[in-house]
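Student: Each chain is listed here by its residues.
There are 2 protein chains.
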Amino acid sequence: MSLVIVGTVAFDAIETPFGKTDKIVGGAATYAGLAASYLYNRVKVISVIGEDFGDHIDMLTNKGIAVEGVQVIKGGKSFFWAGKYHNDMNSRDTLITELNVLADFDPKIPISYQDCKYLLLGNLTPQVQINTLERLAHKPKLVVLDTMNFWMDVALDDLKKVLKKVDVLTINDSEARQLSGEYSLVKAADAILRMGPKYLIIKKGEHGALLFGEGQVFSAPALPLADVFDPTGAGDTFAGGFIGYLAKVKSINFANMRNAVIYGSALASFCVEKFGTERLQGLTKEEIVSRIKEFITLSKFDIGE
Amino acid sequence: MSLVIVGTVAFDAIETPFGKTDKIVGGAATYAGLAASYLYNRVKVISVIGEDFGDHIDMLTNKGIAVEGVQVIKGGKSFFWAGKYHNDMNSRDTLITELNVLADFDPKIPISYQDCKYLLLGNLTPQVQINTLERLAHKPKLVVLDTMNFWMDVALDDLKKVLKKVDVLTINDSEARQLSGEYSLVKAADAILRMGPKYLIIKKGEHGALLFGEGQVFSAPALPLADVFDPTGAGDTFAGGFIGYLAKVKSINFANMRNAVIYGSALASFCVEKFGTERLQGLTKEEIVSRIKEFITLSKFDIGE
Numbered sequence: 292m293s294l295v296i297v298g299t300v301a302f303d304a305i306e307t308p309f310g311k312t313d314k315i316v317g318g319a320a321t322y323a324g325l326a327a328s329y330l331y332n333r334v335k336v337i338s339v340i341g342e343d344f345g346d347h348i349d350m351l352t353n354k355g356i357a358v359e360g361v362q363v364i365k366g367g368k369s370f371f372w373a374g375k376y377h378n379d380m381n382s383r384d385t386l387i388t389e390l391n392v393l394a395d396f397d398p399k400i401p402i403s404y405q406d407c408k409y410l411l412l413g414n415l416t417p418q419v420q421i422n423t424l425e426r427l428a429h430k431p432k433l434v435v436l437d438t439m440n441f442w443m444d445v446a447l448d449d450l451k452k453v454l455k456k457v458d459v460l461t462i463n464d465s466e467a468r469q470l471s472g473e474y475s476l477v478k479a480a481d482a483i484l485r486m487g488p489k490y491l492i493i494k495k496g497e498h499g500a501l502l503f504g505e506g507q508v509f510s511a512p513a514l515p516l517a518d519v520f521d522p523t524g525a526g527d528t529f530a531g532g533f534i535g536y537l538a539k540v541k542s543i544n545f546a547n548m549r550n551a552v553i554y555g556s557a558l559a560s561f562c563v564e565k566f567g568t569e570r571l572q573g574l575t576k577e578e579i580v581s582r583i584k585e586f587i588t589l590s591k592f593d594i595g596e
Numbered sequence: 292m293s294l295v296i297v298g299t300v301a302f303d304a305i306e307t308p309f310g311k312t313d314k315i316v317g318g319a320a321t322y323a324g325l326a327a328s329y330l331y332n333r334v335k336v337i338s339v340i341g342e343d344f345g346d347h348i349d350m351l352t353n354k355g356i357a358v359e360g361v362q363v364i365k366g367g368k369s370f371f372w373a374g375k376y377h378n379d380m381n382s383r384d385t386l387i388t389e390l391n392v393l394a395d396f397d398p399k400i401p402i403s404y405q406d407c408k409y410l411l412l413g414n415l416t417p418q419v420q421i422n423t424l425e426r427l428a429h430k431p432k433l434v435v436l437d438t439m440n441f442w443m444d445v446a447l448d449d450l451k452k453v454l455k456k457v458d459v460l461t462i463n464d465s466e467a468r469q470l471s472g473e474y475s476l477v478k479a480a481d482a483i484l485r486m487g488p489k490y491l492i493i494k495k496g497e498h499g500a501l502l503f504g505e506g507q508v509f510s511a512p513a514l515p516l517a518d519v520f521d522p523t524g525a526g527d528t529f530a531g532g533f534i535g536y537l538a539k540v541k542s543i544n545f546a547n548m549r550n551a552v553i554y555g556s557a558l559a560s561f562c563v564e565k566f567g568t569e570r571l572q573g574l575t576k577e578e579i580v581s582r583i584k585e586f587i588t589l590s591k592f593d594i595g596e
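Respectively, the protein sequence lines represent chains G and Z.
Under the numbering used here, think of the first position of the first sequence as 292, with each following residue one higher.
Under the numbering used here, think of the first position of the second sequence as 292, with each following residue one higher.
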């Protein structure tokens, strides 16, 4: 039994109002894998990197994350993204996108991964997400899909195909509006849940997240932060924390989904405190427990009537 | 002992994507008064209207709201605002602002209002807010101030004076950023709390509200709604529900403030369901209790660890 994460393992160069980095390790599967590793100890990653990645892959293996499914392309260069955040930290410009080895990525599933019970399909070409699902010998107990507006623009038909096969979709509010054609998030959720997923999570950044499913809604707060240092990877970290929590507690129901959203939000709140994966690498269990308590205090109220 | 609300009692003409109204009754004190009247039975309004208002004032007196402090200017015309909401319902254009009798509004406090223990200074010229405070024989137990970006633009010094004299300030997120010069709402709250108020509520519309004070933060959700019919008065309704709850429970502490924010949010969620004050006029206690339960279900989670 394991939690398998498919996504990019890559290099990023990031500029924010607080500073800039050279090439540092990034990628959706990196962030999601690190986050999940704090909650579940059988995390396995499927991805592709170039020879240039070198021993940076230790960032994952040091956390006990399996990387047998990470293909290393001889002579190839790893996916590279460079971006610059605006002063409000909510919008960013992409400066460089070099697909490199990602352009021909064809996911291979090692035999040791065929015990996959929880599957996170990170933000990638919908066709790669479909291929991964089809190559698993057994349907996982839970499939979580992350995607973005880009795939709605260029591969909507494929995206709709994969939506039919997943349990949970995570997108942000503007993507939910784009995918559904509805402005109201309640109406958007209704429309998207009719496309296939049983649950929908709408990520709203500094405004928290909404979880829809089973005819219920859960509104999770975001932790108000004095400084958001670097938002890169926050969404992937959220998804990793979310599915990691569900893999840990095993039982899939709305009550556990609520908690999973809080765990995802808590891990994402650490992610943005430093550049890249830095904060996620050095977390302690005590810090996570303490952050969860902050979320409880943040949102609790007690109306006795 | 009473709850006094100072603010406009006026006419509005509203256009939204769902339709448009002729002149209907509006005004900050109208919305706040109606909301508070469901929670507390000694609500008194201070305002000014023209002779043209006629027996529309019954909308308040029918709810047991005292209007002795509402001056009727002979031959005068009531304040009139006309606005048109954009498709996203978050932004609007003001089409007409006729100050009329509001231009020379000088608040008078009837002797019967001198038992004021809870005071809501609705969105008005800061000088009128100061005058009201100075004309009360006894300092109220709790003073809540509502204001808007307009007064930050044209009367910042006066606004800063009145801020020193109030317990709670309610503004929206962009106003908090403007007033403090800080983008982070945590830093904005720190700066604003240093200006005088002991508590700050940042209203975020469809994203809920944040309450800061006593070194704590509370994040309240907004109820996700399929249709927002007309946002006019939602902020005033929030303020009225907030102070009405505190007047009812009497004790001012952070735990009760949390509940007061939920009551304000619940009443505001009704307000936007129909045009103008229509939904607020016909509420039942059962509907309010049921809506509060929706807020509990919406935001509860139970992480046992």
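Calculated directly from the structure, the hints in this document are not laboratory data.
Be aware that a few hints might be false.
Where chains are identical, the list cannot tell them apart; a pair therefore holds if satisfied intra-copy or between any two copies.
[Said to hold, decoys possible] Within a straight-line C-alpha distance of at most 30 Å, the following computed BS3-like cross-link-like pairs (lysine-lysine) qualify:
hint, residue 1, residue 2
1, 478, 565
2, 432, 565
3, 375, 489
4, 408, 591
5, 584, 478
6, 368, 495
7, 365, 452
8, 456, 314
9, 456, 565
10, 539, 455
11, 365, 541
12, 478, 576
13, 314, 539
14, 314, 451
15, 541, 455
16, 451, 576
17, 368, 432
18, 311, 478
19, 365, 591
20, 311, 456
21, 539, 432
22, 314, 591
23, 478, 354
24, 584, 314
25, 451, 478
26, 541, 368
27, 375, 399
None of the values given here were measured: they were computed from a predicted structure.
Student: Hint by hint, note whether the structure agrees.
Tutor: Hints versus structure:
1. Proximity of residue 478 and residue 565 under a CA criterion of 30 Å is satisfied inter-copy only: 18 Å between copies versus 36 Å inside one chain copy.
2. Proximity of residue 432 to residue 565 under the C-alpha cut-off of 30 Å is found in neither arrangement, the shortest distances being 34 Å within a copy and 44 Å between copies.
3. When the C-alpha separation of residue 375 and residue 489 is checked against a cutoff of 30 Å, the pair qualifies neither within a copy, at 35 Å, nor between copies, at 38 Å.
4. Proximity of residue 408 to residue 591 under the C-alpha cut-off of 30 Å is restricted to the inter-copy arrangement: shortest distance 28 Å between copies versus 33 Å within a copy.
5. Only between protomers do residue 584 and residue 478 lie at most 30 Å apart by alpha-carbon distance; the minimum there is 22 Å, versus 32 Å within a single protomer.
6. Within a single copy, residue 368 and residue 495 get their C-alpha atoms no closer than 33 Å, and across copies no closer than 44 Å, so neither meets the 30 Å cut-off.
7. In this assembly of identical chains, the alpha carbons of residue 365 and residue 452 never lie at most 30 Å apart, being 33 Å within a copy and 69 Å across copies at closest.
8. When the C-alpha separation of residue 456 and residue 314 is checked against a cutoff of 30 Å, the pair qualifies neither within a copy, at 36 Å, nor between copies, at 52 Å.
9. Neither within a single protomer nor between protomers do residue 456 and residue 565 lie at most 30 Å apart by alpha-carbon distance, with minima of 35 Å and 39 Å respectively.
10. In this assembly of identical chains, the alpha carbons of residue 539 and residue 455 lie at most 30 Å apart only when taken from the same copy (25 Å versus 51 Å across copies).
11. With identical chains, the CA atoms of residue 365 and residue 541 are never at most 30 Å apart, being 38 Å at best within one copy and 72 Å at best between copies.
12. Taking the shortest alpha-carbon separations for residue 478 and residue 576, only the inter-copy value of 28 Å comes in at or below 30 Å, while the best intra-copy value is 38 Å.
13. Proximity of residue 314 to residue 539 under the C-alpha cut-off of 30 Å is found in neither arrangement, the shortest distances being 33 Å within a copy and 59 Å between copies.
14. For a Cα distance limit of 30 Å, the shortest separation of residue 314 from residue 451 qualifies neither inside one copy, at 34 Å, nor across copies, at 47 Å.
15. In this assembly of identical chains, the alpha carbons of residue 541 and residue 455 lie at most 30 Å apart only when taken from the same copy (23 Å versus 53 Å across copies).
16. Taking the shortest Cα distances, residue 451 and residue 576 never come within 30 Å of each other, neither inside one copy (38 Å) nor across copies (45 Å).
17. For the identical chains of this complex, residue 368 and residue 432 are neighbours neither inside a copy (34 Å) nor across copies (68 Å), given an alpha-carbon limit of 30 Å.
18. In this homomeric assembly, residue 311 and residue 478 come within 30 Å of each other (Cα to Cα) only across copies, at 23 Å, whereas the closest approach inside a single copy is 40 Å.
19. Taking CA atoms no more than 30 Å apart as the test, residue 365 paired with residue 591 passes in neither setting, with 53 Å inside one copy and 51 Å between copies.
20. For the homomeric pair residue 311 and residue 456, neither the shortest alpha-carbon distance inside one copy (39 Å) nor that between copies (44 Å) is at most 30 Å.
21. In this homomeric assembly, residue 539 and residue 432 come within 30 Å of each other (Cα to Cα) only inside a single copy, at 13 Å, whereas the closest approach across copies is 50 Å.
22. Taking the shortest alpha-carbon separations for residue 314 and residue 591, neither the intra-copy value of 41 Å nor the inter-copy value of 41 Å comes in at or below 30 Å.
23. In this homomeric assembly, residue 478 and residue 354 never come within 30 Å of each other (Cα to Cα): the closest approach is 41 Å inside a single copy and 35 Å across copies.
24. Proximity of residue 584 to residue 314 under the C-alpha cut-off of 30 Å is found in neither arrangement, the shortest distances being 35 Å within a copy and 50 Å between copies.
25. Taking the shortest Cα distances, residue 451 and residue 478 sit within 30 Å of each other inside one copy (18 Å), while across copies they are farther apart (42 Å).
26. When the C-alpha separation of residue 541 and residue 368 is checked against a cutoff of 30 Å, the pair qualifies neither within a copy, at 38 Å, nor between copies, at 67 Å.
27. In this assembly of identical chains, residue 375 and residue 399 lie within 30 Å of each other by CA distance neither inside one copy nor across copies; the values are 33 Å within and 56 Å between.
Hints 2, 3, 6, 7, 8, 9, 11, 13, 14, 16, 17, 19, 20, 22, 23, 24, 26 and 27, counting from the list given before, are not met by this structure.
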